[in-house]
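Based on these hints, arrange chain B on the given structure of chain A.
So the sequences go chain by chain: A and B.
Sequential numbering from 17 applies to the first sequence in the working numbering.
Sequential numbering from 17 applies to the second sequence in the working numbering.
Hints were generated in silico from the structure; no laboratory data involved.
Just to be clear, a hint being listed does not mean it is correct.
Identical copies carry no separate label here, and so any pair may be met within one copy or between two of them.
[Stated by the list, open to error] As a list, the in silico DSS-like pairs of lysine-lysine whose alpha-carbon atoms are at most 27 angstroms apart:
{"hint": "1", "residue 1": "Lys212", "residue 2": "Lys108"}
{"hint": "2", "residue 1": "Lys108", "residue 2": "Lys26"}
{"hint": "3", "residue 1": "Lys183", "residue 2": "Lys19"}
{"hint": "4", "residue 1": "Lys108", "residue 2": "Lys198"}
{"hint": "5", "residue 1": "Lys148", "residue 2": "Lys26"}
{"hint": "6", "residue 1": "Lys26", "residue 2": "Lys183"}
{"hint": "7", "residue 1": "Lys198", "residue 2": "Lys19"}
{"hint": "8", "residue 1": "Lys108", "residue 2": "Lys34"}
{"hint": "9", "residue 1": "Lys183", "residue 2": "Lys54"}
{"hint": "10", "residue 1": "Lys73", "residue 2": "Lys26"}
{"hint": "11", "residue 1": "Lys237", "residue 2": "Lys19"}
Model, not experiment: these values are computed from the prediction.
Each chain, written out:
There are 2 protein chains.
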Amino acid sequence: MKKTDYEILKRSMPFWEKLSDTQKETVLYNTRTVKFSKGARIYNRGEDCLGLLVVKKGRVCIYMLSDEGREITLFRLEAGEICVLSAACVIKQIAFDVHLDAECDTELLILNSNVFSQLMNENIYVESFVFKLMTERFSDVMWFMQQVLFKRFDTRLADFLYDEMVKTGSDKIIMTHEQIAKHLASVREVVSRMLKRFSNDGIVELKRGAIIIKDREKLKKII
Amino acid sequence: MKKTDYEILKRSMPFWEKLSDTQKETVLYNTRTVKFSKGARIYNRGEDCLGLLVVKKGRVCIYMLSDEGREITLFRLEAGEICVLSAACVIKQIAFDVHLDAECDTELLILNSNVFSQLMNENIYVESFVFKLMTERFSDVMWFMQQVLFKRFDTRLADFLYDEMVKTGSDKIIMTHEQIAKHLASVREVVSRMLKRFSNDGIVELKRGAIIIKDREKLKKII
Numbered sequence: 017m018k019k020t021d022y023e024i025l026k027r028s029m030p031f032w033e034k035l036s037d038t039q040k041e042t043v044l045y046n047t048r049t050v051k052f053s054k055g056a057r058i059y060n061r062g063e064d065c066l067g068l069l070v071v072k073k074g075r076v077c078i079y080m081l082s083d084e085g086r087e088i089t090l091f092r093l094e095a096g097e098i099c100v101l102s103a104a105c106v107i108k109q110i111a112f113d114v115h116l117d118a119e120c121d122t123e124l125l126i127l128n129s130n131v132f133s134q135l136m137n138e139n140i141y142v143e144s145f146v147f148k149l150m151t152e153r154f155s156d157v158m159w160f161m162q163q164v165l166f167k168r169f170d171t172r173l174a175d176f177l178y179d180e181m182v183k184t185g186s187d188k189i190i191m192t193h194e195q196i197a198k199h200l201a202s203v204r205e206v207v208s209r210m211l212k213r214f215s216n217d218g219i220v221e222l223k224r225g226a227i228i229i230k231d232r233e234k235l236k237k238i239i
Numbered sequence: 017m018k019k020t021d022y023e024i025l026k027r028s029m030p031f032w033e034k035l036s037d038t039q040k041e042t043v044l045y046n047t048r049t050v051k052f053s054k055g056a057r058i059y060n061r062g063e064d065c066l067g068l069l070v071v072k073k074g075r076v077c078i079y080m081l082s083d084e085g086r087e088i089t090l091f092r093l094e095a096g097e098i099c100v101l102s103a104a105c106v107i108k109q110i111a112f113d114v115h116l117d118a119e120c121d122t123e124l125l126i127l128n129s130n131v132f133s134q135l136m137n138e139n140i141y142v143e144s145f146v147f148k149l150m151t152e153r154f155s156d157v158m159w160f161m162q163q164v165l166f167k168r169f170d171t172r173l174a175d176f177l178y179d180e181m182v183k184t185g186s187d188k189i190i191m192t193h194e195q196i197a198k199h200l201a202s203v204r205e206v207v208s209r210m211l212k213r214f215s216n217d218g219i220v221e222l223k224r225g226a227i228i229i230k231d232r233e234k235l236k237k238i239i
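Next up, chain A with everything else stripped away, as it sits in the complex (with noise of 0.2 angstroms):
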């Protein structure tokens, strides 16, 4: 293994310091690369059991897919970030169905899922650190389900900066996150993590006090 990966995937797994020397050797013998073309499936739940994954270079967005075939983007993942989302045959936990693309070209340290599980069993530490970054993900995604099934509050935002552009005649919206609450019976917290995740799907640039609209159709979309 490269030097490179080997730090990757040491700063990547906070419970590396509790791994015995042998249980390191195991981790570095059983990881390899591989490299996703941009838009290429890297995982399938149900079909394959990929094991963890630290994402090296490139990006992945982990998404629910329907009989019909729509999409929901449950988070997305960038360099040094890890998934064990991809190792559903370890975690009996996860019951629903999940699917990981290469968003770009990518590239991943994948440590195979045997020895994961082997580790999870044997390491108090590695299955308390899966089990909580599964509790935050969720979190996440829960907050965000929230939102949509309750509030539809992605599509109050968005008609809300779709019409602020109108009005202005600008892409660049000059606002903070607390004016656009208050505009829409919010709070700031909620106007900020929706920002965000439009933000990640590149509908928006947020700016210190600004938000410039970066993709018109994507916006309008939402609505």
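For chain B alone, coordinates are given in the frame of chain A:
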């Protein structure tokens, strides 16, 4: 603490044997029994920080609530089951709002949130248990949301059951889950899980090879 309470606590906490003697004593000393009447609000995310709770008697409903008062039941807790969502102040990973109500006269064992927080920090087995539990709950909820968001499978199943009831003129639908799945172009597992939800909601009763409609009005509402 009563001997029965002690037994319930011990049984519901798989990490019990991993606690030190001091930690065990601290848990016992800081756990109190609290009674709630049917319909009482147990926990409001945002207002309280209750701590870890174990259902001694009765039933607890965990749900999300919209600004307009719409509810979505996430899951229910029966006697002997444990809940950590009521300790959002301790687990910073919980980013969304939940509420807990007593569905019938209910008795809870509640472990103070400060002690619970300390225990999680001190003992990796407690930490791992908590995140594992959260992962399980979230995964269930995600599965349910997936059905609702994508397929409205609840509607399709309710629709099918209602039609069968009308067609046969009987509240008893004599079919296996496998057979129903075939009718709905689904799989047995999905049908069984959704029927279990219907059963929890008091809409149906599940018998071997048959489904009894218990509440026509509730069933109709889903369609």
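*Among all the numbered hints in the text so far, which are the ones the structure does not match?*
Checked against the structure, the hints that fail are numbers 3, 6, 7, 9 and 11, while the rest are satisfied.
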